[in-house]
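The chain contents come next:
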Amino acid sequence: MIEKLRAADALLKNKFKKQGGIKAKIIAGVSILGLVLLLVIGLIVFFVSRNWLLNSYELLAYSYTGTASKLINGDSIAGYMASSEKDEYYNTVDAYLNGALFETDLVYFSVFVPLEDELLYIWDGDKGEDLGYDLGYREPYLRNEKEAVAEIYRQDPPEHLYHFVSEEYGNLAVAYSPIFNSDNEPVAVAEADLSLDYIRTNLTNIMWIITLILIVVIGGLGILELILTKTIVAPIRDLSQASVDLVENLKNDQPFRFDIHTGDEIEMLANSFEHMDAELRAYIKENTEITAERERIVTELSLAANIQKDMLPGKFPAFPDKTEIDIYAAMTPAREVGGDFYDFFLIDDRHIALVMADVSGKGIPAALFMMKSMIMLRNSAMSGNSPKAVLEEVNNELCRNNQEKMFVTVWFGILDLDSGRLIAANGGHEYPIFRKPEGLFELIKDKHGFVLGGISGMRYTEYELQMDPGACLFVYTDGVPEATDKDQNFFGTERTVAALNRQPAETPQALLNNISMAVADFVQDAPQFDDLTMMSVKYLGKPERKPADTEEQQNAGPAGSGSSAWQPGDVRTAEGIDAGKPENEIQVAPVIENIQTVTNFVIDDLKDRGCSAKIIRSISIVIDEIFGNIVKHGKRTENNPVTVRKEFETGPSSLVLTFEDDNAPFDPLAREDPNTALPAKKRVVGGLGIFMVKKSVDDIQYEYKDGKNILTIKKYLK
Amino acid sequence: MSCLQRKGIEMLKITRYTEGNKVNIVLEGRLDSVSSPDLEKELVSVMSGGITSVTFDFAKLDYITSAGLRILLSLQQNLENNGELKLLHVNKDIMEIFEMTGFSEILTIA
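These protein sequence lines are chains D and X, in that order.
For the first sequence, position 93 (counting from the first letter as 1) is numbered 93 according to this note's numbering, and the numbering increases by one without interruption.
For the second sequence, position 73 (counting from the first letter as 1) is numbered 791 according to this note's numbering, and the numbering increases by one without interruption.
Extracted from the complex, chain D is given alone in its bound form:
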């Protein structure tokens, strides 16, 4: 969860970097606004001012020219043009014009007569320096001036300013008004000039003022932005930082700190954060506890599974000394703990109990019920009950205290190891599969009693199966026939029987393997739904040899009675093979210590016959070497005894000794004699023994026959 917060925060930070945040937004907004304002207001003010100015100047100029036009006597013009004499009237007008120039912004105020190509000045005002044109001065028109004059040289002329640009005078705005004589004919023009440059200067001043105002406004906006930043953006940033810190603090288990006291919605938001932080901590704590608890349960579950697994007999071969049977079983649970189980145990020396069972349900409840059932079955069987009685007794016990209404299907059998007689009863369990010797496996549809743990007081029926040597029983739980492939098809009992019959004579372990593989092939990738439990028992019959009644046999090692394993010191004698000669053959375990046994076996006779010490020594050495070799070359895991036979011949008196063993074919005589001339450093001991034997006896033969190495030596006894 912390990871999610971190991720979201990182995403935001990226966005932040790209868009620059609120502050940047404000700055951008304000700047754009300012520029636009500046532009718009500036333009408006400019144009409005200019028009206003121009209008007022126009008014001014025309008020003077208009006045001049009315006041000045037009009839006097002609006289002045002709004589160029200045009378009193002339001076009065001149003074008026000068006065106007002084008082106003007019730059020129004059009266002229428009001629064909030029102006003839009558009056020209000046500012007292006598710079004005004198009466009679002629000047050419400015560009377009003639047309302008022509426009006004009439009654009711238009009154607007004309603009002229000249090198001499600069930018001019000129007003013209015609002067009429008493015949109402225009005879002259009164002209008043204003400098546009001057106007421009005025405008510029205005613009500066406006700009200043705008700068102040923008400055004010800037301050506003700062204020906004401080009161809104900064707290928000604090909030954002706090939320990042929240995550870090959670991780490092530090307390939550948050200093936002803006007294507004932002502070409310901050409080929400604090609240969220508290909840998060609580949630995480709870989660951690839950996870720890869950892990504890998982561990306990796997320990429980081990305990349960250990209850099923899992060591094979199960009874190495009971060669009457070969038994193998396996359970593959679907979940960690399951409800299937098998069991087998010796009730007494000649009876073995066999159990195959399936508890309803899975998981821990089934496992617990399974253990209960297993122990009850054992107890009941060990107290000597027959299969029917076992099921009845266990059923009643299970029905007691069975609040959860669990039940178990059981197939239970007792096999007599001596006779091969199997008595069994079935409590709602799968049909067993049975094979007669040399035959094929078949499903045995035995009589089903009810499941155990369901209804108390149920009766069960037991039946008998004779297992002759080679017969084989296969029991299982429904996990095998009900194994499903991805199309929901069942493996089924028919396929089970068929898989067994692929190699019907095989050992139980191989049979179980075949079934496992067949099921795996069938199921392929589909998940395992149910426990796979199987057991197979093959009856091999009693061993052929009966134990001999010798002292050694009774003193033999810790094997159970009836054991047919060879122990060191075991000596068994066969019923006389050689005509008339009892006890001329012994069988001993292939262990070094038995050199003594064999030696005694032979030498006692030699002593009886009065053989020389030298011969006795010699034969002792021979026995040591030969028997020692057999022990050395044999596989230590096998207990197959070595047979030693002695024969005494006459004419000439000699001893024939035969050694027989079951080891791999090995001809000791095939070995080259060692080189006895080599110095010590180069000598090896290998081959020395048989070399010594060859040198000590008079004849030595080897053959491999019927799976046995047979070495025969003959020594003359005189």
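It is worth saying that the hints were derived from the structure and are not from the lab.
Predicted model, so just to flag it, every value in this text is computed and none were measured.
Just to be clear, a hint being listed does not mean it is correct.
Said to hold, decoys possible - Sample of chain D residues facing chain X (criterion: CB under 10 Å; computed from the structure):
| # | residue |
| --- | --- |
| 1 | ARG609 |
| 2 | ALA670 |
| 3 | PRO674 |
| 4 | LEU678 |
| 5 | VAL684 |
| 6 | PHE691 |
| 7 | MET692 |
Note that CB positions come from ideal geometry on N, CA and C, so glycine has one too.
With chain D fixed as given, assemble chain X onto it according to the hints.
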């Protein structure tokens, strides 16, 4: 070894006398496949003590098999360069075995 103990037979009795870095071993009985491990064990402890001279007294030794020969050969190879191995009072039969196997040339027999 239990059956042997039950029969109360000692296959081989080994008596050791040590004088500085010389050792004298008296064998009684027979040196065969069954008893040679005992002699081997004895010799391991002897040789680890930095012994350079080993003398066997075979006066009471009945017979010897290839297992015993192996021990003698190993000892001889060990002591040949910087020590000595000597056999005393070897009886006729054992001597015959030594000759038969060429060991009479390898061992120092007195």
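Taking the hints in turn, this is what the structure says about them:
1. ARG609: violated, 19 Å
2. ALA670: violated, 18 Å
3. PRO674: holds, 8 Å
4. LEU678: Hint holds; D:LEU678 Cβ to chain X Cβ min 7 Å, cut 10 Å.
5. VAL684: holds, 8 Å
6. PHE691: OK, holds: D:PHE691 within 10 Å of chain X, min 7 Å.
7. MET692: Given a least distance of 6 Å, the restraint on D:MET692 holds.
In summary, the structure is inconsistent with hints 1, 2 from the numbered list given earlier, while agreeing with the others.
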